[in-house]
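There are 2 protein chains.
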Amino acid sequence: MQALNPKAPPVAITMGCPVGIGPEIVLRYFSDPIRHRVPAIVVGDLGALRAVARQLSIEANLQPWAPGQAITGEVVPVWPASALEAATLEWGKPDRTSSLAMTGYIEQAVDLIVQGHCSALVTCPIAKTGLKMAGLPFPGHTEMLAHLTKAPRFRMMMAGPRLRVVLVTIHRSLASVSGALTEGELFDCIRMTQQALQRDFGLERPRVAVAGLNPHAGEEGLFGDEEERLIRPALARAAQFGRVSGPWPPDTVFYKALAGGFDAVVAMYHDQGLIPFKLVHFEDGVNVTLGLPIVRTSVDHGTAYDIAGKGLASPASLTAAVDMAASIVANRNKAGQDNG
Amino acid sequence: MQALNPKAPPVAITMGCPVGIGPEIVLRYFSDPIRHRVPAIVVGDLGALRAVARQLSIEANLQPWAPGQAITGEVVPVWPASALEAATLEWGKPDRTSSLAMTGYIEQAVDLIVQGHCSALVTCPIAKTGLKMAGLPFPGHTEMLAHLTKAPRFRMMMAGPRLRVVLVTIHRSLASVSGALTEGELFDCIRMTQQALQRDFGLERPRVAVAGLNPHAGEEGLFGDEEERLIRPALARAAQFGRVSGPWPPDTVFYKALAGGFDAVVAMYHDQGLIPFKLVHFEDGVNVTLGLPIVRTSVDHGTAYDIAGKGLASPASLTAAVDMAASIVANRNKAGQDNG
Chain X
1 MQALNPKAPP VAITMGCPVG IGPEIVLRYF SDPIRHRVPA IVVGDLGALR
51 AVARQLSIEA NLQPWAPGQA ITGEVVPVWP ASALEAATLE WGKPDRTSSL
101 AMTGYIEQAV DLIVQGHCSA LVTCPIAKTG LKMAGLPFPG HTEMLAHLTK
151 APRFRMMMAG PRLRVVLVTI HRSLASVSGA LTEGELFDCI RMTQQALQRD
201 FGLERPRVAV AGLNPHAGEE GLFGDEEERL IRPALARAAQ FGRVSGPWPP
251 DTVFYKALAG GFDAVVAMYH DQGLIPFKLV HFEDGVNVTL GLPIVRTSVD
301 HGTAYDIAGK GLASPASLTA AVDMAASIVA NRNKAGQDNG
Chain Z
341 MQALNPKAPP VAITMGCPVG IGPEIVLRYF SDPIRHRVPA IVVGDLGALR
391 AVARQLSIEA NLQPWAPGQA ITGEVVPVWP ASALEAATLE WGKPDRTSSL
441 AMTGYIEQAV DLIVQGHCSA LVTCPIAKTG LKMAGLPFPG HTEMLAHLTK
491 APRFRMMMAG PRLRVVLVTI HRSLASVSGA LTEGELFDCI RMTQQALQRD
541 FGLERPRVAV AGLNPHAGEE GLFGDEEERL IRPALARAAQ FGRVSGPWPP
591 DTVFYKALAG GFDAVVAMYH DQGLIPFKLV HFEDGVNVTL GLPIVRTSVD
641 HGTAYDIAGK GLASPASLTA AVDMAASIVA NRNKAGQDNG
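Residue numbers (the working numbering), protein chains in the order written: chain X, 1 to 340; chain Z, 341 to 680.
By construction, these hints were calculated from the structure, which means they are not laboratory data. Any given hint might turn out to be false.
To be verified - Subject to a maximum C-alpha distance of 30 angstroms in a straight line, what follows is the list of computed BS3-like cross-link-like pairs (lysine-lysine):
| id | chain 1 | residue 1 | chain 2 | residue 2 |
| --- | --- | --- | --- | --- |
| 1 | X | K93 | Z | K596 |
| 2 | X | K310 | Z | K650 |
| 3 | X | K256 | Z | K468 |
Said to hold, decoys possible - If you anchor each label on the Cβ, the simulated ranges turn out as follows:
| id | chain 1 | residue 1 | chain 2 | residue 2 | range |
| --- | --- | --- | --- | --- | --- |
| 4 | X | E228 | Z | S654 | 43 to 51 angstroms |
| 5 | Z | P492 | X | E185 | 40 to 48 angstroms |
| 6 | X | A83 | Z | A520 | 52 to 60 angstroms |
| 7 | Z | R583 | X | Q69 | 44 to 52 angstroms |
Claimed, not checked - From the derived model, a few chain X residues whose C-beta atoms are all more than 12 angstroms from chain Z:
| id | residue |
| --- | --- |
| 8 | L167 |
| 9 | R172 |
| 10 | S178 |
| 11 | Q240 |
| 12 | D251 |
| 13 | K256 |
| 14 | Y269 |
| 15 | D271 |
| 16 | I275 |
| 17 | K278 |
| 18 | K334 |
Every residue, glycine too, gets a C-beta built ideally from N, C-alpha and C.
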């Protein structure tokens, strides 16, 4: 376990929706000695966090933090990004004020990172309705971050100690998946996976597996032609840049990856990737956004309004997300030094 | 472990394609003391089996068996269903003669069961090309068995000690899955699952989970409407007959089933069910055909022509298939006695 370096720029953890489980998991994360591994600050609301700590009897020495201040582990450093009236917050009931505060955490955290005061972004959950209440047009966190950091394209990787999965398509009906696949998108996704494994995960010659779309990867065109028409050409292009194989039968490629055969699997659609990922990493999965100029990981769950304020939330996914963000930062720094 | 009852009708194991791994896994199954748990015979070729035993140095006292003969465990009882010239067989190269023998094993095994001489069918792998060479119009084993036993409809269940999955659609392109789902098919599949869990697996009040088709089970119509249009109405009808729930988000329902929440999951398409099933039961999964008048299980692998004759094949899946067939027979007998 590496010791905390008080002078390293800390990871910025956004508090997420103030009336979801975000504040609780942030407090629980900082109340665990594990936090000493990674310097981190919260971008959130000092008053709201103090109220939640009191309500749930979580001991926390919450103190305002400003850029450049050392992280000692004695206090929970909070960049005070809003000044909500704690008494007006109601668990599970976001309103325009709480939603504007929530989106402000994201904007301010990105600013802190872009200015070099923080090293990476770890996001606690927000709800889509909150973005709408704040008057923003984004369907989710990731789209908002892509806009803020001017990233032309991005991908979702789910990563855990045993399995990494990158999704080509995400939130769309199963019937529309085939029509949404293009050779260009597939190539782009494979290429971003190769680059992320090298730069962010420190793998020199990563092995990327690409799943087919159809049962048995189409069994030579018997069930669907996307493998021949789209996936193989994209694979051939990507093979110029690194080790990549496929299209593999979807029902065995994840088993092979788990057995150590591949460093990541590119999945064609949401459930193809998330069914195996959640079976293996239900508790400790981390969402990593590929393609942003900043390092960003996220907890692998939602605002959980149904249990907010009840003292039932676990910080396990936040802990995994903070650790992975720190590891990506370290790998990028190392790569930068090696190249410099 | 139950002792072998020499007078109980034995399970009939078909040898499968004579030039695939079927003969080897049959011999290895019978050379393991585990065989004493279940009385079983081979429906196959005595000469071919003897030649394979010699070639691979597997000790086996192969003897012809006739209906009514006791199963003692001292010999490997073979119903001599073909008389191939062993010297003409070439590993991995099926021809019309070997293929006609192969389909004959299936026909004769069904006859033995229908006449009450055997209790259940366990099939070793055949290849689709073999069916074609034999001049039969069936795409697979199961369709041939449905024809032989005059079963109007059938379903594929994958079963293991920790997870059971039943598929609504099987070998078709992903893009065609949505169009192939109907409320009637869905109801039928749920109902057959309920009945199989009761009659074949001895569960009095089984809990069936039904997966959605789309990510997050459509998120209230946001990505696809099949959940509302087809799955919910079928669920409502099936709920009159037993405990059934859904449509569940596909990326968490298998995790919940593994944790003990459900006795089986009805999956909408091949990879939705087989990705999680193979992750959990890659080695010991069994294919159970629902809807036939006879009990039928199958190994969970193909003819494996690439390793046929090399002494590399494992009988693990055959062992699991024989055990499951015997267990289904026992449950059906018990149910018959309880009702009588």
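Each hint tested on the structure:
1. K93/X to K596/Z: It holds: about 28 angstroms lies between the C-alpha atoms, which stays within 30 angstroms.
2. K310/X to K650/Z: violated (61 angstroms)
3. K256/X to K468/Z: Cα-Cα ~26 angstroms, so holds.
4. E228/X to S654/Z: 43 to 51 angstroms: violated (33 angstroms)
5. P492/Z to E185/X: 40 to 48 angstroms: Once the Cβ atoms are compared, 43 angstroms apart, the range 40 to 48 angstroms for E185/X and P492/Z holds.
6. A83/X to A520/Z: 52 to 60 angstroms: Holds - the Cβ-Cβ distance for A83/X and A520/Z, about 56 angstroms, lies within 52 to 60 angstroms.
7. R583/Z to Q69/X: 44 to 52 angstroms: Taking Cβ atoms as reference, R583/Z and Q69/X lie about 58 angstroms apart, which means the hint is violated.
8. L167: violated (10 angstroms)
9. R172: Violated, because the least Cβ-Cβ distance between R172/X and chain Z comes to about 5 angstroms, which does not exceed 12 angstroms.
10. S178: Violated: least Cβ distance 4 angstroms, not greater than 12 angstroms.
11. Q240: Q240/X is indeed farther than 12 angstroms from all Cβ atoms of chain Z, at 28 angstroms.
12. D251: Label violated. Min Cβ-Cβ 4 angstroms, cutoff 12 angstroms.
13. K256: Nearest chain Z Cβ is 10 angstroms from K256/X, so the label is violated.
14. Y269: The assertion about Y269/X is violated, with a minimum of 8 angstroms to chain Z.
15. D271: Label violated. Min Cβ-Cβ 4 angstroms, cutoff 12 angstroms.
16. I275: I275/X is in fact no farther than 12 angstroms from some Cβ atom of chain Z, at 5 angstroms.
17. K278: At roughly 5 angstroms from the nearest Cβ of chain Z, K278/X sits no farther out than 12 angstroms, so the non-interface label is violated.
18. K334: Since the minimum Cβ distance to chain Z is about 33 angstroms, K334/X lies beyond 12 angstroms and the statement holds.
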